[in-house]
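Asker: Protein sequence lines correspond, in order, to chains Y and V. Quick note, my numbering runs 2 ahead of the 1-based positions in the first sequence. Quick note, my numbering runs 91 ahead of the 1-based positions in the second sequence.
Hints may be right or wrong, so weigh each one.
Said to hold, decoys possible - Partner residues aside, some chain Y positions facing chain V, computed with beta carbon under 10 Å:
{"#": "1", "residue": "5"}
{"#": "2", "residue": "9"}
{"#": "3", "residue": "18"}
{"#": "4", "residue": "58"}
{"#": "5", "residue": "59"}
{"#": "6", "residue": "62"}
{"#": "7", "residue": "63"}
{"#": "8", "residue": "95"}
{"#": "9", "residue": "98"}
{"#": "10", "residue": "104"}
{"#": "11", "residue": "106"}
{"#": "12", "residue": "108"}
{"#": "13", "residue": "110"}
{"#": "14", "residue": "114"}
{"#": "15", "residue": "115"}
Calculated directly from the structure, the hints in this document are not laboratory data. Everything numeric in this text was worked out from a predicted model, so none of it was measured. For glycine and all other residues, C-beta sits at the position ideal for the given N, C-alpha and C.
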Amino acid sequence: KAGVTQTPRYLIKTRGQQVTLSCSPISGHRSVSWYQQTPGQGLQFLFEYFSETQRNKGNFPGRFSGRQFSNSRSEMNVSTLELGDSALYLCASTPGDRYNTGELFFGEGSRLTVL
Amino acid sequence: SQQGEEDPQALSIQEGENATMNCSYKTSINNLQWYRQNSGRGLVHLILIRSNEREKHSGRLRVTLDTSKKSSSLLITASRAADTASYFCATDAGTDSWGKLQFGAGTQVVVTP
Numbered sequence: 003k004a005g006v007t008q009t010p011r012y013l014i015k016t017r018g019q020q021v022t023l024s025c026s027p028i029s030g031h032r033s034v035s036w037y038q039q040t041p042g043q044g045l046q047f048l049f050e051y052f053s054e055t056q057r058n059k060g061n062f063p064g065r066f067s068g069r070q071f072s073n074s075r076s077e078m079n080v081s082t083l084e085l086g087d088s089a090l091y092l093c094a095s096t097p098g099d100r101y102n103t104g105e106l107f108f109g110e111g112s113r114l115t116v117l
Numbered sequence: 092s093q094q095g096e097e098d099p100q101a102l103s104i105q106e107g108e109n110a111t112m113n114c115s116y117k118t119s120i121n122n123l124q125w126y127r128q129n130s131g132r133g134l135v136h137l138i139l140i141r142s143n144e145r146e147k148h149s150g151r152l153r154v155t156l157d158t159s160k161k162s163s164s165l166l167i168t169a170s171r172a173a174d175t176a177s178y179f180c181a182t183d184a185g186t187d188s189w190g191k192l193q194f195g196a197g198t199q200v201v202v203t204p
């Protein structure tokens, strides 16, 4: 079974631009979560989607948004990029059928550099 | 904010030695998990221990959980160079967590041959 796939793996943007990252979950998994990892703040939860609906959201500004498609693939978008948005963005999937969170299956991440 | 605090921040050992790292958290949990991350890559799930469990084993890994002290430890026995990585504890806290885990800052482990 293929794992979680994230694209692109690396990207460089300039301040003020926007970026879209993509995540394809493990086949059969309906929940996709997004995390931001930085040296200063560590791993922080962005949001979670299940059946095209956002079920949970972390404490990030509105510039960070996401969506999920009917095939469970998910995208996240960051608008008006700031230098502090430079990070490794990780996507994780689970079956999503439980109210609490069991094992997360992570992708390799998308490394975003904002210049 | 981070739920878990890990100790030590960094650990350097030789192959064959055991590595122990600790995690403390602040609120009641449903479960506690440990993940490994090789440099700049995705996280790999190692083990999950539920709040009503006290100890769990998986291969060379042993995890303990003390909910009265809100702490957990991860022991890696007979370490190998391939165990070099960062290790994170993560807690699933509260109801309807829906994909949200709170991660600690991590312990960076270096295993030298």
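Asker: Could you check the structure against the hints above and give me the numbers of any it violates, in ascending order?
Answerer: 2, 3, 6, 7, 14 and 15
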